[in-house]
Amino acid sequence: MDQRYNHKEIEAKWQKRWDAQDLHRAHDTSKKQKKYLLDMFPYPSSAGLHVGHPEGYTATDIVTRYLVMTGHEVLHPMGWDAFGLPAENYAIKTGAHPKKTTEDNIVNFRRQIKSFGFWIDWEREVNTSAPEYYKWTQWFFLLLYKRGLAYRKEAAVNWCESCKTVLANEQVVNGACERCKNPVVQKQLKQWFFRITDYAEKLLQGLDTIDWPEPIKRMQRNWIGKSEGATIPFHVMQSTDFVRSRDSQSSRMGIVGTVEVFTTRPDTLFGATYVVLAPEHGAVDVLHEHITNWSEVRRYRERAASKTDLERTDLAKEKTGVELQGLKAVNPANGEVLPIFIADYVLATYGTGSIMAVPAHDERDYAFSKKYHLPVREVIAASEPQESQCYTGAGTMKNSGKFDGMESAQAKWVITTFVKGKKTVQYRFRDWLISRQRYWGAPIPIIYCDVCGEVPVPEKNLPVELPTDVDFLPTGESPLTQSKKFHDVACPSCGKPARRESDTLDTFVCSSWYYFRYADARNPRAFASKKKMAEWLPVDLYVGGAEHAVLHLLYARFFTKVLQDAGYVDFDEPFMKLKNQGMILADDGQKMSKSLGNVVNPDEVVAEYGADTMRMYEMFMGPFEDAKPWNTKGILGVRRFLDKVWQLREKINIPTSDVRGTADVPTLQADLIRLLHQTIKKVTEDIVHFRFNTSVSALMILANAFAKEKHITRKSYKEFLKLLAPFAPHLAEELWEKVDQSANPLHPKGSRSRDMESIFKHPWPSYDEKLIAEDEKEIVVQINGKVRARFTAPADASDTDLQQQAFAHEIVQKWLAGNTPKKVFVAKGKLVSMVI
RNA sequence: GCCGGGGUGGCGGAAUUGGUAGACGCGACGGACUUAAAAUCCGUUGGGGCAACUCAUGCGGGUUCGAUUCCCGCCCCCGGUACCA
1 MDQRYNHKEI
11 EAKWQKRWDA
21 QDLHRAHDTS
31 KKQKKYLLDM
41 FPYPSSAGLH
51 VGHPEGYTAT
61 DIVTRYLVMT
71 GHEVLHPMGW
81 DAFGLPAENY
91 AIKTGAHPKK
101 TTEDNIVNFR
111 RQIKSFGFWI
121 DWEREVNTSA
131 PEYYKWTQWF
141 FLLLYKRGLA
151 YRKEAAVNWC
161 ESCKTVLANE
171 QVVNGACERC
181 KNPVVQKQLK
191 QWFFRITDYA
201 EKLLQGLDTI
211 DWPEPIKRMQ
221 RNWIGKSEGA
231 TIPFHVMQST
241 DFVRSRDSQS
251 SRMGIVGTVE
261 VFTTRPDTLF
271 GATYVVLAPE
281 HGAVDVLHEH
291 ITNWSEVRRY
301 RERAASKTDL
311 ERTDLAKEKT
321 GVELQGLKAV
331 NPANGEVLPI
341 FIADYVLATY
351 GTGSIMAVPA
361 HDERDYAFSK
371 KYHLPVREVI
381 AASEPQESQC
391 YTGAGTMKNS
401 GKFDGMESAQ
411 AKWVITTFVK
421 GKKTVQYRFR
431 DWLISRQRYW
441 GAPIPIIYCD
451 VCGEVPVPEK
461 NLPVELPTDV
471 DFLPTGESPL
481 TQSKKFHDVA
491 CPSCGKPARR
501 ESDTLDTFVC
511 SSWYYFRYAD
521 ARNPRAFASK
531 KKMAEWLPVD
541 LYVGGAEHAV
551 LHLLYARFFT
561 KVLQDAGYVD
571 FDEPFMKLKN
581 QGMILADDGQ
591 KMSKSLGNVV
601 NPDEVVAEYG
611 ADTMRMYEMF
621 MGPFEDAKPW
631 NTKGILGVRR
641 FLDKVWQLRE
651 KINIPTSDVR
661 GTADVPTLQA
671 DLIRLLHQTI
681 KKVTEDIVHF
691 RFNTSVSALM
701 ILANAFAKEK
711 HITRKSYKEF
721 LKLLAPFAPH
731 LAEELWEKVD
741 QSANPLHPKG
751 SRSRDMESIF
761 KHPWPSYDEK
771 LIAEDEKEIV
781 VQINGKVRAR
791 FTAPADASDT
801 DLQQQAFAHE
811 IVQKWLAGNT
821 PKKVFVAKGK
831 LVSMVI
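Anchor point for the first sequence: position 627 equals 627 in the working numbering, and the numbering is continuous, going up by one each time.
Treat the hints loosely; a few may be bogus.
What the hints assert, rightly or not - No more than 25 Å apart at the CA atoms, straight line, and that leaves these computed lysine to any residue pairs for SDA-like:
#	residue 1	residue 2
1	K420	P233
2	K8	V599
3	K530	A130
4	K633	D2
5	K319	P375
6	K651	I772
7	K202	Q220
8	K722	G622
9	K307	N169
10	K181	F193
11	K371	T292
12	K16	I113
13	K93	S46
14	K13	K644
15	K307	V286
16	K681	N693
17	K628	I652
As the list claims (entries may be wrong) - Simulated restraints on C-beta separations:
#	residue 1	residue 2	range
18	T292	N399	26 to 36 Å
19	A394	V286	33 to 43 Å
20	K530	K460	14 to 24 Å
21	S162	V286	29 to 39 Å
22	G545	I92	19 to 29 Å
23	D285	K530	46 to 56 Å
I should point out that these hints are in silico values taken from the structure, not numbers from a laboratory.
All values derive from a computational prediction rather than experimental measurement.
Every residue, glycine too, gets a C-beta built ideally from N, C-alpha and C.
The whole structure should be built from the sequences, with the hints applied where relevant.
Structural data, given as structure tokens:
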């Protein structure tokens with residue numbers, strides 16, 4: 001007999017047969033309970049599939065097959081996040097058109113993913129770079145535009161010199177471009193934004209309603225960065241006025257302006273010893289004529305503007321600033337006259353772009369005050385003595401006039417009211433910059449007309465197709481401007497000559513809605529029909545890497561909330577449950593990378609060991625959500641296990657399917673049945689909880705037990721195959737078929753035909769708790785906390801029985817040496833512990 | 001710096017309403033088969049000790065009859081974030 005199964009033959013056979021039977025189709029009209037399982041769709045890179053891709057896909061595939069076998073109709077689709085920079089950069093290098101290279105890569109990716117035999121409904125495949133898809137991406141842009149959520153404005157934006165395009169804040173990593181790692185600079189440009197900040201509160205609150213990993217939720221909360229505080233007005237005066245007249249009445253005459261500051265600590269207002277504006281703050285320009293050291297101020301502003309984000313944060317350790325001479329601010333709480341600075345530790349983009357500085361209770365202000373010798377005044381007394389001169393906690397008010405003695409938490413809002421400040425909520429994140437000066441993306445459907453201004457492309461004219469007569473070299477202007485045919489159009493509103501917007505959409509716009517499309521992937525009249533969305537959405541389980549914590553996952557939630565407000569869907573969270581897969585590292589523990597030459601090619605693994613082996617190995621490596629190193633030797637162990645399963649079929653030689661107690665069946669059978677039922681329970685629970693590594697282990701334990709037997713029953717083997725089927729579907733199908741073909745001369749053909757159906761048309765095994773319970777247990781005796789003896793006792797033995805048996809034990813007698821223990825504890829069915 | 005996750009054999013990892021630490025797999029060692037090797041099968045495998053025992057879940061304390069699990073204080077690694085007032 002063959003000791004090893006022929007994976008090439010078996011896997012090809014079943015993949016073909018499943019396709020022919022349309023087994024993996026998700027039926028919209030099915031009456032079964034519906035489930036929607038989704039993998040983050042891949043970017044079809046030229047490098048081909050990474051071993052990390054099938055890790056997530058196998059997990060969803062296992063759950064899909066399990067759900068199918070437990071009577072559900074499951075949608076598990078796949079598609080391509082096909083727009084993006086790599087294809088365009090490749091085009092710049094080689095001249096190959098992105099459309100062509102992307103199509104080639106998709107063909108390769110599809111072949112690779114299919115080689116794993118995943119339960120995927122390929123009829124629903126989507127490709128974001130296809131006009132029939134991006135037509136709807138453009139439609140979404142128009143929807144947001146109509147709802148006032150898409151706008152164009154000139155602002156300081158992140159600019160990557162190397163990619164020659166702007167970037168969203170979410171795409172700037174440590175002050176550098178996420179893609180090319182070059183430093184990002186600030187540029188004043190007119191760009192398109194989505195008003196995602198309008199949804200800050202909803203995006204925050206929705207997190208409480210979804211089953212996502214806590215770290216991801218926390219990252220989103222931090223990214224949104226809500227803080228409650230107050231805006232407080234400070235009058236600005238010319239300092240000369242103070243010299244002339246010190247009494248506050250007449251000094252009022254000198255007011256030249258007002259600066260609003262945002263603070264989360266209005267309770268510390270009496271401790272403010274200066275005011276700081278961001279270098280870019282508009283008041284600096286407005287008050288220009290009153291500033292007596294203007295050239296110094298101008299120089300500082302220019303230096304701050306030329307810094308990259310990276311430099312600005314790098315130099316952050318040493319704070320810098322310049323006083324605005326000639327101007328003073330008035331503390332509204334006590335009338336004190338304070339100096340005003342500009343300093344780049346205050347950000348123009350957050351709050352009001354200006355702060356009141358309270359060195360005694362803020363670390364940054366404290367550092368600045370030390371450098372420029374500014375006074376520090378404590379106004380909050382800590383309940384315990386502090387080492388540092390800067391105390392940022394809560395406490396009792398002091399040096400604060402009539403508020404002395406009040407608790408700071410309460411004083412906050414009392415003082416805010418006292419100085420006519422406003423309670424204010426601030427969010428850290430900013431609107432989503434969505435325009436890109438690049439070619440390989442969906443064109444923004446807007447036309448600029450000299451007469452009508454900004455005109456949205458009418459829906460009936462969608463899609464606005466990408467032109468092909470362009471050169472890809474990035475110039476800082478979108479390549480689309482080169483195509484006259486594309487660029488010069490008639491205004492849809494007045495018909496006069498007009499220009500098309502030449503920027504394209506951030507690819508994250510394309511991926512913000514693709515999960516809706518799968519519900520109705522070929523619909524030419526809508527992004528998806530309401531009816532079909534109602535059948536499948538929201539997504540029950542979403543699986544992918546954690547790197548999208550604040551990018552894709554935040555944007556997709558935003559889109560869904562907009563769709564709900566617009567009445568297209570009746571839910572506001574797209575992904576009910578989220579699981580993050582851990583990264584698969586190279587065997588040296590490092591990230592797999594071409595430059596290190598440690599990349600494992602899935603094609604080679606599938607060719608050598610088979611898809612079932614690779615699937616199962618990736619599940620066995622370790623906890624799904626942990627990072628884990630690849631070990632080629634470890635694959636061998638899984639392959640040995642599957643070969644063992646293959647050989648087990650030889651042990652079925654009992655003609656009738658399930659007779660117990662025949663001469664051939666040893667007494668061990670009861671133990672085996674118990675183990676089988678324990679395994680059913682374990683595997684079922686582990687699949688539901690994404691503990692695939694321990695379910696594989698449980699399957700191995702059962703197979704090992706079977707292998708020790710001379711014979712096993714057909715029924716128990718078939719139950720085992722069903723448990724194996726989600727993990728190793730090809731082999732399970734093959735053996736399922738084989739076991740039936742070899743069956744059972746006693747049974748007529750009729751009963752055979754049903755069993756001949758795919759194993760996935762059969763119900764998932766159930767277990768019987770009564771059969772799982774052991775009737776005898778091993779009891780451990782601990783003496784002074786250490787295990788000294790063990791004995792077996794009936795599972796239902798009473799505490800006294802157990803105690804008595806323990807005392808009677810030879811070794812225990814020796815330890816007791818005739819004495820009685822001081823204390824005895826019994827843990828039922830587990831142990832007896834005594835102190836002597 | 002701040003926030004989060006984690007440190008268990010030679011390796012990947014099991015086991016936590018506190019109750020036999022090391023399941024399962026890899027590797028290693030010994031044996032069978034083979035002219036030989038591979039493959040396969042059987043056995044052993046945390047350290048120390050002939051043994052009785054003893055040490056051991058990052059380090060140091062604590063609570064407990066009993067701690068990988070709970071508490072306090074450190075160290076190290078990984079991920080996120082970066083002056084957000």
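### Query
Which hint numbers does the structure go against, in order from smallest to largest?
17
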